[in-house]
Amino acid sequence: MSGSDQQKDEQEWNEGDPERLYVITKGRSGSTEKAAIDLVTLIVSRSGPTSGMQPEHAAIVRLCQSPLSVAEISAYLHLPVSVVSVLVADLLADERVEARAMVPPAQLPDAALIEAVMHGLQKL
Amino acid sequence: MVPAGSSSGVPRPASVVPWLLPAAGTALCATVAAAVASASARGLVAWCGVVATAAVALVAAEAARRGRMVAVLRDRLAEQEATLNARLAQQRADTLWLADVLLPEAVGRIQRGEFPEDVIRAVAANQQGRGDPESNAVNLKVVRTVLEAVSAEEDMRDSAQRAFVNIARRVQAIVHQQARGLREMEDRHGNDPEVFGDLLRLDHGTALIGRLADSIAVLGGARPGRQWSKAVPLFSCLRGAMSRILDYQRVELHSVSEIAIVGPTVEPLIHALSELLDNATRYSPPETKVHLTAVEVQAGIAVEIEDGGVSLSEEARARAERMLAQAQAGIDLNDLGETPRLGLAVVGRLSQAYGFQVSLRPSAYGGVRAVLIVPQEHLTTAAAHGRAHGIGAVSVTRQDASAPKISIPRPITGLSPRRAMPPSTMDDDVPVVTERTANGLPQRRRRAPVPPPRTRSVSAPAATNPAADTSDQGKEPPGMWLAAFQSAVSGDPPASAPVHDNSDESLDKGE
Chain A
1 MSGSDQQKDE QEWNEGDPER LYVITKGRSG STEKAAIDLV TLIVSRSGPT SGMQPEHAAI
61 VRLCQSPLSV AEISAYLHLP VSVVSVLVAD LLADERVEAR AMVPPAQLPD AALIEAVMHG
121 LQKL
Chain B
1 MVPAGSSSGV PRPASVVPWL LPAAGTALCA TVAAAVASAS ARGLVAWCGV VATAAVALVA
61 AEAARRGRMV AVLRDRLAEQ EATLNARLAQ QRADTLWLAD VLLPEAVGRI QRGEFPEDVI
121 RAVAANQQGR GDPESNAVNL KVVRTVLEAV SAEEDMRDSA QRAFVNIARR VQAIVHQQAR
181 GLREMEDRHG NDPEVFGDLL RLDHGTALIG RLADSIAVLG GARPGRQWSK AVPLFSCLRG
241 AMSRILDYQR VELHSVSEIA IVGPTVEPLI HALSELLDNA TRYSPPETKV HLTAVEVQAG
301 IAVEIEDGGV SLSEEARARA ERMLAQAQAG IDLNDLGETP RLGLAVVGRL SQAYGFQVSL
361 RPSAYGGVRA VLIVPQEHLT TAAAHGRAHG IGAVSVTRQD ASAPKISIPR PITGLSPRRA
421 MPPSTMDDDV PVVTERTANG LPQRRRRAPV PPPRTRSVSA PAATNPAADT SDQGKEPPGM
481 WLAAFQSAVS GDPPASAPVH DNSDESLDKG E
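So the protein sequences, as listed, match chains A and B. Going by this note's numbering, the first residue of the first sequence is number 1, and it counts up by one from there. Going by this note's numbering, the first residue of the second sequence is number 1, and it counts up by one from there.
Please note that a few of the clues may not be correct.
Okay, the calculated beta carbon distance ranges per label pair [claimed, not checked]:
1) Q352/B to G27/A: 28 to 38 Å
2) I114/A to Q249/B: 26 to 36 Å
3) Q227/B to G27/A: 26 to 36 Å
4) R157/B to G52/A: 45 to 55 Å
5) I167/B to G52/A: 36 to 46 Å
6) V40/A to Q249/B: 42 to 52 Å
7) R201/B to R46/A: 16 to 26 Å
8) Q227/B to M118/A: 36 to 46 Å
9) E184/B to G27/A: 14 to 24 Å
10) S255/B to R46/A: 34 to 44 Å
11) A152/B to G52/A: 23 to 33 Å
12) V40/A to E184/B: 20 to 30 Å
Bear in mind the hints are in silico, worked out from the structure with no lab data behind them. From the three backbone atoms N, C-alpha and C, an ideal C-beta is built for every residue, glycine too.
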């Protein structure tokens with residue numbers, strides 16, 4: 001094995017974290033929480049983090065001082081969405097955060113109208 | 001040896017006299033008989049007397065000679081006996097020396113790993129000027145035979161251990177690869193709770209296999225698996241230990257002091273703790289909790305594992321501690337079959353190698369309370385690797401000018417080059433959040449809540465150079481799409497160029 005290969009191997013060997021995801025979610029996969037929370041649910045924290053919190057919970061509470069979607073939280077924390085849903089569900093149960101539904105899609109302008117406008121513009 | 005002629009050559013007068021007496025007596029009797037006898041018989045009597053005297057003298061002389069011979073022989077015998085006794089004593093002393101000093105010393109040196117040839121040479125030198133050369137040669141031969149047998153045995157055990165370790169290493173490598181693959185899959189299928197749950201179960205099973213492989217490696221005298229080059233927070237270590245046991249859901253992790261473990265000690269500590277946790281969960285009723293805490297003590301950090309299981313009798317406790325002590329002295333792979341609690345052997349081995357102190361005491365809950373003390377030299381207060389699980393390691397971190405600067409020796413951006421990060425963020429000189437939670441998690445923080453329906457470019461790093469700016473255009477930070485979506489929905493004008501520059505800062509200032 002050449003030196004660079006070895007170095008690469010060593011680096012790969014080195015990477016990662018000692019803890020696995022199932023410890024963070026305490027074994028839950030988020031299948032029960034799915035209904036309440038989806039990717040675009042906005043999460044806002046109601047209070048600051050407290051000292052006894054699990055670090056991930058505290059991280060979410062801090063992040064959500066202003067509303068963030070579950071997808072964003074997942075990206076920031078580098079945790080899969082399911083993990084974040086589980087954690088957010090915990091926080092919701094403890095009433096530490098609030099979930100806000102997205103703006104309903106019905107308020108969007110009608111697709112046909114947009115199309116008509118587009119066509120009109122193209123004809124100009 | 002008795003000198004041959006010394007005593008037989010010189011007749012001793014004292015011993016000659018008694019032997020002359022019978023001859024003299026016979027001569028006297030013959031003379032008297034000749035005088036008393038009648039004249040006719042005198043000649044005959046005298047003749048007989050002379051013959052008798054001569055015969056008696058002859059016999060006496062012979063007897064005297066034999067007597068002297070016997071005496072000489074007896075002397076010689078006594079001398080021989082003395083010599084033989086002396087030799088016997090010497091021989092016994094030699095044998096005792098061989099048994100008590102020579103062999104144990106030689107075997108001890110072999111077991112400490114010296115070469116048999118060297119040891120034999122040393123033994124030969126030791127023997128110089130002791131006893132007679134013949135028995136020395138014999139002793140040396142005995143020592144040589146024993147040493148050869150012992151070293152052959154040691155070699156065999158060594159190679160058996162090496163084989164064990166070798167296999168364990170391969171299993172570890174596979175498990176590690178598997179774990180990484182699973183982690184990737186977990187990220188990929190994070191949206192699908194069903195798949196995700198299955199992946200978590202697989203991940204857990206893999207971690208259990210990994211622990212077994214680590215145990216084999218440790219018992220074979222090697223390091224446990226992985227190496228960590230950077231310090232890892234204690235909290236992460238404890239959760240790492242939890243993630244390697246079957247019943248991790250029963251472990252209740254309590255508050256943990258904010259401290260990190262230096263890289264080389266991370267893996268041994270995690271492994272030792274996971275073995276202790278495994279014992280605790282295995283030997284307590286399934287519905288009870290196992291409490292895991294870590295507190296600072298004078299000597300370092302004391303990690304306590306308390307279960308509510310069956311109490312440990314004084315005898316059982318003594319046995320367990322003895323097992324720990326034995327393992328610290330080195331364990332024989334052949335004995336493992338009889339050891340019911342393999343874990344303690346591993347813990348003992350690790351504590352010996354890394355200076356952990358382990359004690360088992362009855363717990364207030366009725367079960368066992370295991371305390372593992374990590375010595376001060378394995379601890380560091382430097383901001384560790386900083387993530388309980390990678391949190392914030394990649395998310396753009398930012399240093400608020402006003403935020404309290406908690407000691408961070410290095411810029412966060414340089415911390416994890418191994419993650420795939422856009423180069424622009426790597427070069428970014430303006431760190432974006434940076435505050436750390438009690439557990440060393442980097443955290444972004446706003447000064448005040450931002451009103452929800454606004455254009456937010458939450459994580460656009462305030463670029464310092466145009467190059468970074470342009471390269472940033474391609475890679476929108478997570479959340480950008482949502483912000484754009486939201487602004488479109490709420491009818492706001494689309495965020496224009498400054499979005500990528502410092503809208504966040506302006507927001508901060510605006511509040």
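Output the indices of the hints that this structure fails to meet, ascending. Hint check: 2, 6, 7, 8, 10 and 11 fail, others pass.
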